[in-house]
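Number of protein chains: 2
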Amino acid sequence: MAAQTILFDFTLDAGKTATAIQRQEVARIVRNELEHVFSQLELAYSMESMDNGYFSVLHENKETIITCRIFQQGLLTINVEYYLADGKEPIMSFDTMRTMELILRQKLDSDRSKYLPPIKRGGYIDIYMTSSDERIIEYDIDTLVYEARSPFQKIQIMHSKTLGNMLILDELQNIAESDLIYTETLMGRGIENYEGKEICILGGGDGALLYELLKENPKHVVMLEIDELVMQACNKYLNTICGDVLEKRKTDQYEIIVGDCVDYMKKFIAEGRKFDYVFGDLTDIPISDAPIGECWDFIRTIFEHSFQLLKPDGKYLTHGNGTSCLESLQLFEDQLRLLKPKVKFTTTKAFVPSFMEEWLFYQVTFA
Amino acid sequence: MAAQTILFDFTLDAGKTATAIQRQEVARIVRNELEHVFSQLELAYSMESMDNGYFSVLHENKETIITCRIFQQGLLTINVEYYLADGKEPIMSFDTMRTMELILRQKLDSDRSKYLPPIKRGGYIDIYMTSSDERIIEYDIDTLVYEARSPFQKIQIMHSKTLGNMLILDELQNIAESDLIYTETLMGRGIENYEGKEICILGGGDGALLYELLKENPKHVVMLEIDELVMQACNKYLNTICGDVLEKRKTDQYEIIVGDCVDYMKKFIAEGRKFDYVFGDLTDIPISDAPIGECWDFIRTIFEHSFQLLKPDGKYLTHGNGTSCLESLQLFEDQLRLLKPKVKFTTTKAFVPSFMEEWLFYQVTFA
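Heads up: the sequence lines are chains A and B, in that order.
Here the first sequence stands for residues 2 to 368, numbered as in the numbering used here.
Here the second sequence stands for residues 2 to 368, numbered as in the numbering used here.
Keep in mind that a hint or two might mislead.
Here are the simulated DSSO-like cross-link-like pairs (lysine-lysine), alpha carbons at most 27 Å apart as the crow flies [unchecked claim]:
(1) B:K216 / B:K275
(2) B:K162 / A:K350
(3) A:K155 / B:K115
One side of the interface only, derived from the structure: several residues of chain A facing chain B at Cβ under 7 Å [what the hints assert, rightly or not]:
(4) T12
(5) I66
(6) G123
(7) D141
(8) H320
(9) S325
From chain B, some residues computed to sit far from chain A (all C-beta separations above 12 Å) [stated by the list, open to error]:
(10) R32
(11) E334
(12) P354
Simulated from the structure, these hints should not be mistaken for lab results.
We put the beta carbon where it would ideally sit given N, CA and C, even for glycine.
Next up, chain A with everything else stripped away, as it sits in the complex (with noise of 0.2 Å):
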């Protein structure tokens, strides 16, 4: 179930829409040409205001409600909204919008117009997801494979016809099938060699980054993640990125330890454990323009922990953000900058696909 919004913008001459008696005109050639499309069409309502411009309400046996508005600065919008039982035909085909914009384009000699694929709202599964600098981006999902609340967030894995299985925690999205760029990228495959190396990954639920780290031969890995139902979800319905890794807990190669990581670092500091590489592929690092709240304390708290259980010439690995934000990246490698003992860093960075985006990721080491 769901309702369906579909929105037409058509650019006007300002001088065309300056006076209400102009907006009267406008608002009567969209009437007719709406009569065409909705033939029970009734005006329920209209507003006029000297410095708004117009608004009108028009509706179809108040099925489907229209509402017309006509900016006086020279833009009119046309909001259709309706609603679309389960295996009912939309009121609106793609050709009858494209048509119905095209006449009234033609008819109000608008120079830019515009109309969006009808807005799904309401549905059981959440289409909208948004990229790191809060752009719209509708998937092709089409099932809800798996829904869970664990404590520590909620846990969807969703099915994109093109990207495969997504992990979305708390409404973000994590990786999916599509992304085994996203792994390669964050370990820097082909650059960093991991034959024999000790390794420690903080977080990384989802299996994949253990899993292409397991086929560089490194002598072990220790991954340290907190919620136990994401790899339970990541095991069953995304094995084609973590392969069997989740199955087993522990072997020869590699150490699954369910729990805060921060406890465990502390741990292994207090023992004098070290590593040549630390990935942190943890939560995302937060949009917000202050560095300031829980979330980068926790960043912080992170940074000075894993400094201390690297070699010397060891490497902190982690993924950064959207290269779109730049805010928010500055405020990353500000936090950086104030480590001490002082740390240098380098940055990659690759298209995502089921980000939609491009993302940084960072490769950090002691100056």
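Fit chain B to the given chain A structure using the hints.
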């Protein structure tokens, strides 16, 4: 200049929205909450229908207009629309939106709720494009670099913060600086051997395919492109993907002929000219669900002539469509199956960054 429309949805227990009295109660809660955000809120209009639930119009100074609809099936939609002048702050920050969503979700005991980032309407640059299966994708376009109308199409070069310059033809994204993978998959880099080969490109006005092919040391490439203006635009604004190949029209290695490719193919056929590879790098194949109309006729014509130009062991390489467009791809393959002499084909696919989707490519040979 642009209007902003913010869409909120709340799934409600249908048992709580079945009667007019219940819907009035939901509307009261919504109005109370909206008054926290819009202190001058006024109710302008409301409409109640036994079959179609409740609808109301609220506004603040007739400037911000809010429609609120309660579907008796158990769904509430709230649409907030206002004009945002250049340089002004949005009326609702992301924090305000998030807070309003969370509070209403709790007060209405909503199971699922959602808000979309504000939809920008009527802006000079169109930042919303659609995938091949009609999904909405908002791009991080910040500049319209170039716009012109040639005798054949509307040509735009837009700059995306993360994808670089993008070529848009008649509102459809064609290629961007981020899309080497497109060209490499089309040509099967690392699979096909172009050394010493004779090649014909149909279309390819962006120059990327020609540029990449020339790196593989072919004997000669002839490119048949109809639109001089596309080449001028790409030569100027897309030279990271086409180098300087569009600068000169003829060298020992290649020749660019500006004209209708079908005319030149006929000419080549009459001359008995044959190629090792023919590339179909023309307009996208149609999305429509029947193999009729000009576009499919055009594609059939291209196929027929192309195979007359191929040596017996030659290959026809072309792009298909988004891998989610099963119907369209099926129709494309149906066209291939109609060809005489018979052909056979293989496919490859790649996620193309600027398309924000996975694309299918065809390799066709004589059966």
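Taking the hints in turn, this is what the structure says about them:
1. B:K216 / B:K275: holds (22 Å)
2. B:K162 / A:K350: holds (14 Å)
3. A:K155 / B:K115: This hinted pair holds, its Cα atoms lying about 15 Å apart.
4. T12: holds (5 Å)
5. I66: With a closest approach of 6 Å, the I66 (chain A) hint holds.
6. G123: holds (4 Å)
7. D141: holds (5 Å)
8. H320: violated (16 Å)
9. S325: holds (5 Å)
10. R32: holds (17 Å)
11. E334: Given that every Cβ of chain A is farther than 12 Å from that of E334 (chain B), nearest at about 18 Å, it holds.
12. P354: Violated, because the least Cβ-Cβ distance between P354 (chain B) and chain A comes to about 4 Å, which does not exceed 12 Å.
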